[in-house]
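J.: Based on the sequences and whatever the hints tell you, model everything.
Sequence lines, in order, name chains A and B. In this text, residue positions in the first sequence follow the UniProt record's numbering: the first is 1, and each later residue adds one. In this text, residue positions in the second sequence follow the UniProt record's numbering: the first is 1, and each later residue adds one.
The set of hints was computed from the structure by calculation and includes no laboratory data. Because the structure is a prediction, the values reported are computed rather than measured. Glycine included, every Cβ here is placed at the ideal spot set by N, Cα and C. Among the hints, a few may not be true.
Okay, the calculated beta carbon distance ranges per label pair [unchecked claim]:
#	chain 1	residue 1	chain 2	residue 2	range
1	B	A55	A	L148	49 to 59 Å
2	B	G111	A	A117	23 to 33 Å
3	A	G204	B	A49	50 to 60 Å
4	B	D126	A	A49	35 to 45 Å
2 protein chains.
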Amino acid sequence: MNPGSQHTEPKRRGRRSGGEDTKAALLAAAREVFVERGYEGATVRHIAARAGVDAAMVNHWFGGKEGLFAKAVLQLPIDPNTLVDHLLDGPDEAIGERIVRTFLTVWDPIGGGPFAAMVRSVTSHDQVAEVMRGFFVNTLLRRIVVHLDAPDGDLRATLAASQIIGMGMVRYVVRFEPLASADVDTLVKAIAPNVQRYLTGDLG
Amino acid sequence: MNPGSQHTEPKRRGRRSGGEDTKAALLAAAREVFVERGYEGATVRHIAARAGVDAAMVNHWFGGKEGLFAKAVLQLPIDPNTLVDHLLDGPDEAIGERIVRTFLTVWDPIGGGPFAAMVRSVTSHDQVAEVMRGFFVNTLLRRIVVHLDAPDGDLRATLAASQIIGMGMVRYVVRFEPLASADVDTLVKAIAPNVQRYLTGDLG
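T.: Rendered as structure tokens:
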């Protein structure tokens, strides 16, 4: 699945406006259904029916439910399954480095706007926070916990999440210097060992 | 300075409504002036004049500019100078533990609402983010950096801030479990060593 497929279609079929309208309808339906039913309760079939679109198109365009959620609610520029595949592809003792470097590589080019918008949305709407919990805890963090198979895996995953979310807050939202402008290698060296300790080290 | 002095006056003078009105006017004037001039540019004299109040009352009620900012803009329940005094009072090699434990002890009883409100305010208004930067970086974190006197002190302080802010986000705003409900000792054991490494350890 090409994570950029929501932006450009390699093979364009039919009129552009038709495809773009259908995608917009799917994204709007997804936002409604995720908030109504939570991440776990929402199904691709339900969202597609709400938008009047064939469910197969959701997989074609967005890589399934995770991808649709990432695009519609988080406005992420990358399919989350592809992201987790990448994070898990390498030695466990370097997963902290891969997580920090990947987060910065995905968000730095976008700038702080979309990250701040996501945080604002979570703080303004309890239902959005609920949906985010379902997605991050049960889908994204769960895959990492299962892969690493460490004791207290769920606590470890949420500790790592606290550091990554905090890094995003300081770099993109409150922009405390010098962290906000530090180069990626400096931050990977400083932060990755802490994330690594949370995931595979001694928690005391 | 009693950090609770903004809530109860030990010696009440004059009519209650008069004192409460004056405090409310001061808080409103403070919010305006901090946003107009930034944290550094705003003066107690200016804020008091805007509210039509004697500047001495700002010190009496709020412990000066930091306390007024903490109450008016951050809605913190504690005077920040008192807070930093406490954090710096003890061995440097345990400052990570004091920071994590103090943060949880201050915020846990209040619950997530005010922390989420502060984050929402920062993400919604660039001027509030600018004022927060001035306050945290130049006042609160600066005192810790100067006290510890470690190389790359400013980077260290913002790294520590990233972990503390992220802990607050996961515990009070997005509420990822099990971190959101973990007891304070578990979190201190898990998180304090990482904050300590940022402040006094080897950053690689």
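J.: Run every hint past the structure and note whether it holds.
T.: Structure-based check of all given hints:
{"no.": "1", "hint": "A55(B) to L148(A): 49 to 59 Å", "in the structure": "holds, 57 Å"}
{"no.": "2", "hint": "G111(B) to A117(A): 23 to 33 Å", "in the structure": "holds, 25 Å"}
{"no.": "3", "hint": "G204(A) to A49(B): 50 to 60 Å", "in the structure": "holds, 52 Å"}
{"no.": "4", "hint": "D126(B) to A49(A): 35 to 45 Å", "in the structure": "holds, 41 Å"}
Hint check: no violations occur; every hint is consistent with the structure.
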